[in-house]
Amino acid sequence: MNLVRVAALARKEWREIVRDRKLFGLAFVLPAMLMLVFAYGSGQSLEHVPLAVVDHDRTDTSRRFAERFGNTVYFDLAGYVDSEREAAARLARGDVRVVVVVPEEFERRLVAGRSAAIQTWIDGSFSNSTPPRTLQGYVEAITAAATAELQAGAVARRLGVSVERALTLLNPIRVEVRYLYNPQLRTVWSVGPSMLMFILMFVAPLLMALGVVREKESGSILNVHSSTVTRAEFLVGKLLPNVAIGCANTVLLWLLAVGWFGAPFHGSLLLFAAASLLYVIATPGIGLVISLLVDSQTTAMIISVVVATLVGSQYSGMYIPVESLSGPGWLIAHVFPAMYFNDLVQGVFLKGMGAAELWRELCALALFAAAFPGLAWLLFHKRRRA
Amino acid sequence: MGEAALVSGPPVVRAAGMWKRYRGRPAVRGVDLRVERGELHGLIGADGAGKSSLLEAIAGVLSFEGGVLEVLGVRIDSEASAERVKGRIGFMPQGLGLNLYPELSVEENVDFFARLRLVPAAALAARKERLLAMTRLAPFRRRPMKHLSGGMKQKLGLICTLVHEPELLVLDEPTTGVDPVSRRDFWAILSELLRSGGLTALISTAYLDEASRFHRVSLLHEGRCVASGDPTEVRRLVPGAAVSVEAEPQADAFAALKAAFPQVEALGGTLRVFVEAATPEEATARVRSALARTPPRRVAADEPDLEDAFVALLRREGARVEAGPPVAVGAPAAPGGGDAIEADGLTRDFGAFRAVDQVTFRVRPGEIFGLLGANGAGKTTVIKMLTGLLRPSAGRGRVAGVDMARSDRAVKRRIGYMSQAFSLYTDLTVAENVSLYAGIYGLGRAAARERADALLAMAGLARHRDARTASLPMGMRQRLALGCALVHRPEVVFLDEPTSGVDPLGRRRFWDILFELARRERVAVLVTTHSMTEAERCDRLALMFAGRIVSDAPPAVLKRDVERDAGRLLEVVADDPAGAVERLRRDGLGDPVLFGRRIHVLSPEPERDASRIRKSLAAAGIACRGIEPVPLSMEDVFIYRVRALEEREAWRAGGRS
Amino acid sequence: MTAGVVWGRQVLALTVKELRQLWRDRPLLLYVVYLFTVELVLVAGGTRELSHAPFLVRDADRSAASRELVHDLREPWFTLRGEVRDPGEALRALDHGEVRFFVDIPPTFSRDLGRGDTPATVQLVVDGSRVVSAWLAPSYAGRIADGLSRDQAARNLGRLGVDVAALPTIENRRRTWYNPNLDDAWGNALAELLSMMTVACVLLPAAAAVREKEHGTIEQLLVSPLTPLQVMLSKALSMVFVALLGTGIALHGILRAVYGLPAHGSLTLLLAVTALYAFTNAALGLVLSTFARNTTQVGLLILLTLMPVLQLSGTWSPFEAEPEPLRAVMSLSPLRHLVSVAYGILLRGVGMEVLWPHVAAIAALGTACFGAGLWRFRRQFG
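Chains as they are written, first to last, in my numbering: chain A, 1 to 386; chain B, 1 to 657; chain C, 1 to 382.
Isolated chain A, as found in the complex (with noise of 0.2 angstroms):
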């Protein structure tokens, strides 16, 4: 390999870059506006649910019944309504996406010490963005802490004992869940770091096979053929400059999520920056081989697109995890380095993992890191056919 022409290549592809401003600027921007956005858009837990009660009852009980799930963070109370069919029209109009309808008698078949039912109703046509089941799972938490509010109440008179030793007694087995790494399950400390390995796929390979599809389109690519720089030599003249850029906005992303998010980064900074080096040679390594296959930027980007949305988001245990998938979803998710990654970047960043726990990863971006620009040298020819 002659270095003199690699760095020809490479500081003019360089400056064609830097001097298309507005690709040189959204190479930037776009990266840190992904990182907004998915760290407010998938970082929201289900909070702030809209809730409507019909209160049949109308006693001090029944209300604070309802005020129960006003008090917590998971639900809005949107107010009383005063039928279920008024209640049916308003999660019809999405006003609502539950409704909790407390029968009559509510208050004195309580104090009777007899059962009362309510009934919740919980809209499951957004299945996707507000789990339905999800919903049910706060709306029970809240009913069993009031039933056992009611029944510790209960027990502590007839047995004369503490509510706290009625408590006990009403609930023998206590789980205590401890969260290691994310105490307090901020979704962006998790995203944030994942966020690193879906926006480097996402905006590296398409960088990349854009800059190469344009001399295809050019025909100055043809000034490579005609002349005696080797295949190799081509390909790493083109991957450096966008291998440049990957490493800035690996920095870039790091501030966003550390300064901006303040998600934790407990590990090695060496082995992270050592992984992200791979990471940013192998994904730019994807764009080549995709530029290799396809002669139009239109088709470049629609497959770089489809290639890092599947194998960045769906594949690459961000999401989903990796154990579940199964046939041709576990085999993407292992052929392409965005898996290895993510679970590197959440070792380093959140658990303070270091080389010893994480060589595997590491030595699986290296060979990514090897394999796809290999893979573009072997699909690479200067004497075209057709």
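Careful, some of the hints might be misleading.
If you only want the chain B side, here are some residues facing chain A, beta carbon under 10 angstroms, derived [stated by the list, open to error]:
id, residue
1, E56
2, G87
3, I89
4, V299
Below 30 angstroms or equal to it, Euclidean Cα-Cα: the simulated DSSO-like pairs (lysine-lysine) are [to be verified]:
id, chain 1, residue 1, chain 2, residue 2
5, B, K559, B, K615
6, A, K216, A, K22
7, A, K22, B, K559
8, B, K128, B, K146
9, B, K615, B, K258
10, A, K22, C, K213
11, A, K216, C, K213
12, B, K146, C, K213
13, B, K128, A, K216
14, B, K559, A, K216
Worth flagging that the hints you see were computed from the coordinates, not collected in a lab.
From the three backbone atoms N, C-alpha and C, an ideal C-beta is built for every residue, glycine too.
Chain A is fixed; fit chains B and C onto it per the hints.
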């Protein structure tokens, strides 16, 4: 012939029985080609004749299936073997400046190519300066390539191809879309480089009038080499005579001649007929008898030129030369009186730059009006103002009697426009394009179909109506574009470099259509072109320079004016022509220009200059084989005028500073 | 022939041209087909449920009660990956992401459970980096433990003479409306259809417009008697056609045929709003195209615009949970309104009487985009 002296050692390129197929469709079918060392070899042929495929195979960037190819002594049969010679080849692909990097400056482009080719820094500095000076690009070294004119892009491309001092230069249509002055510069640079030795050049061209500039030419047709040799030899392959006649009504005379002879073309007011295998006398007699019903005013027999020979050769190979049957394609006879186009002091500024300056001219219905000028002289801007695409900064343009600045929709229905680049939808078929434009101009279904049939027949595209436009050669595409511009029977047609990149046969057919349109339908045609053979076909020519019109007259008058100012054109045949040019220049004998192995000199006093030339060459020990006056070509006129203006401009600029 | 007829004929000719070009552009066509079919299937299967969450156990008690607890943590929600003796081992597995949580049962578990004096504590150590499972796993495990707990409480209290059945209880009768079987595929596939239609509606007209600029065909159109309005309108109309076709195929061929998605409301109304929506997005695409010189630029601009729209319009995350200022901004996203309309019509069976504010919003946004596009277009080529 000086041929023997040039042949030394094995050929630089030798192809024997070469085949190349694209998805089974053959592009090159058994080509034989020999390029000798030190030769300037031309590759001529129609679009799709296989020129580009052949050149790319020789440059080692395209594989081929059959036959033998040796380049610089290496048998090319694999990617590895091609790599072995690439260091010694310079290749410039087709498309003006497309292989350059628009965002990079002139110098950065050169540096990039040099580093790619591992030119040592010291050698690069000297070589770069020499090439930049030679191409007069030195003052623009910091300008981004995207802001260069066509001619400058072409020269920059040449520098980038030459910077590693290759032994073999392979250039694919380097002069397409470039104005005549830049083209002449280009050829001058090339002959200078060839003279300094060690270089061989293989060049394809779409301009037949450039064929005479080569040492040897090969004529390609449908993937085979039809003829090969010295330009004079090739011309002699087809004996015959060229007859020029003037007759009225011209359109009828044209039709009569076309019925009798296969090669007829209209050059403004003159009709030119090539009569094969006839002496000048026989030819004149046969033309006269063909024109029994429209007796000619003037008949003159002439030597046929290279283009006549080429067209005849291609005809023998079965190529269709003629356009389809004439049909009513234009507007119903234009409303009586009044000019079709009136430009009155048209001016357009882009920021501080005045692109068009006080342009005034008139075009009558039925007239073919040519607008000539270098790249960037303002021709396209004039057309854009007259079609309503741009607003003039000052002045007025009236088309069909309506002011275009107001650009109302009614007048747009009366004009047709064909823009510089091919701008139809390449992913639609021929018929779909026509029906689209029929729809755009609001034609009903039945009317559209009728119109489409007529136009496709006219353009000779009836057989290709369901072909995807992208698959057609450039010539057919341009005829289709013309058809689409005529779909609504316009009274005025604007054509901006309509034949750039079209092969000679395609260009002839195109002009036949324009002629019919103007003469029979009284359509006013405004056309811009870089081809000087085409300029000769216009009724009137306006020459633009730096945004102004500097002369406006019929071609013959323009020639006469130059002859009056600068004298006759002498053609000198001598051994060592390149040495002769240098010698004549040093002795102050005008501005000699090399055409292949012949030298052209403008001379105010032909008799006296001829003897001075003989003396000068004799003193240098160069044998002079002959000197004779030849007719001035349109290209000579153009270059003479532009050069004179450039000098005046430079002098003025110098005077100011 | 009236001027109106000619005007319509011109728009029709251009619209047909757009559709023909899309038909010929095989990679693009394939992508559009993919968006409206395969993509929906790929996404429909996903679930936000807890599924096969792997865990480890340290059972120091080894009693019937502890075994019952472990036994109840089962498929399809949980997968037991084995028992460990040393908690360090479990922590390492958590570190490596091999398990989602670790259940630590102390040796005193069954004893405490039997006595009922002190609570029998079970510790759940959860990987907080996987937020979804970190939420769901303890909640599910807690509910399972509650069941065991109740049985034991009944026994313990019974011994003390308290009948658990006679204690006051709030029972919860649940009912899930509009999706009684809690079929995740309905919401997933529908959300994806709306998102992908948005992508297609913005991308196709923008790409087509930039291509006309790149190839210079736009000049040829401007010299003709066409108005910019007609040129833009034809691009938008062809997109409306494609969107209707795609939505029709996706709805009937996939959402209804494969996943049994109901249509409680008027499909005609849904298609009409889809048409309006396609027009609005096409106009947005055309505005973006006026800011770009080539395909690469317009592609990146589209990504920049659409990513927030797709992420924050309530398709994949609850709109209600967004902070108030963001919600205000996102009400400018046509997708946010289409989501309400499509879910409303298909699943909740409501009509214009309820949905009109959303339809009006889409129309207003469409008018604004189209107007802006026309203005930019005129300024660029006028």
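Going down the list of hints, with the structure as the test:
Look at E56 (chain B): its Cβ gets to within about 8 angstroms of chain A, closer than 10 angstroms, so that hint holds up. The closest approach between the C-beta of G87 (chain B) and any C-beta of chain A is roughly 5 angstroms, which is under the 10 angstroms cut-off, so the hint is satisfied. The beta carbon of I89 (chain B) comes within 7 angstroms of a beta carbon in chain A, closer than 10 angstroms, and the hint placing it at the interface holds. Interface hint status for V299 (chain B): violated, as the beta-carbon distance to the closest one in chain A is roughly 49 angstroms, over 10 angstroms.
Taken as a hint, the K559 (chain B) and K615 (chain B) pair is honoured in the structure, with Cα atoms around 29 angstroms apart against an allowance of 30 angstroms. Between K216 (chain A) and K22 (chain A) the CA atoms are separated by roughly 21 angstroms; this keeps the pair inside 30 angstroms, and the hint holds. At roughly 51 angstroms between alpha-carbon atoms, K22 (chain A) and K559 (chain B) are farther apart than 30 angstroms, so this suggested pair is violated. About 20 angstroms separates the Cα atoms of K128 (chain B) and K146 (chain B), which keeps this hinted pair within 30 angstroms; it holds.
Annotation: proposed proximity of K615 (chain B) to K258 (chain B) is violated, straight-line Cα distance about 48 angstroms (limit 30 angstroms). Restraint check: the Cα-Cα separation between K22 (chain A) and K213 (chain C) comes to about 17 angstroms, which is no more than 30 angstroms; the hinted pair holds. Restraint check for K216 (chain A) and K213 (chain C): satisfied, since their Cα atoms lie roughly 19 angstroms apart, inside the 30 angstroms limit. Distance restraint check for K146 (chain B) and K213 (chain C): the Cα-Cα separation of roughly 17 angstroms lies within the 30 angstroms cut-off, and the hinted pair is therefore satisfied.
Of the pairs offered as hints, the one joining K128 (chain B) and K216 (chain A) holds, with about 27 angstroms between alpha carbons and a cut-off of 30 angstroms not exceeded. About 45 angstroms separates the Cα atoms of K559 (chain B) and K216 (chain A), which puts this hinted pair outside 30 angstroms; it is violated.
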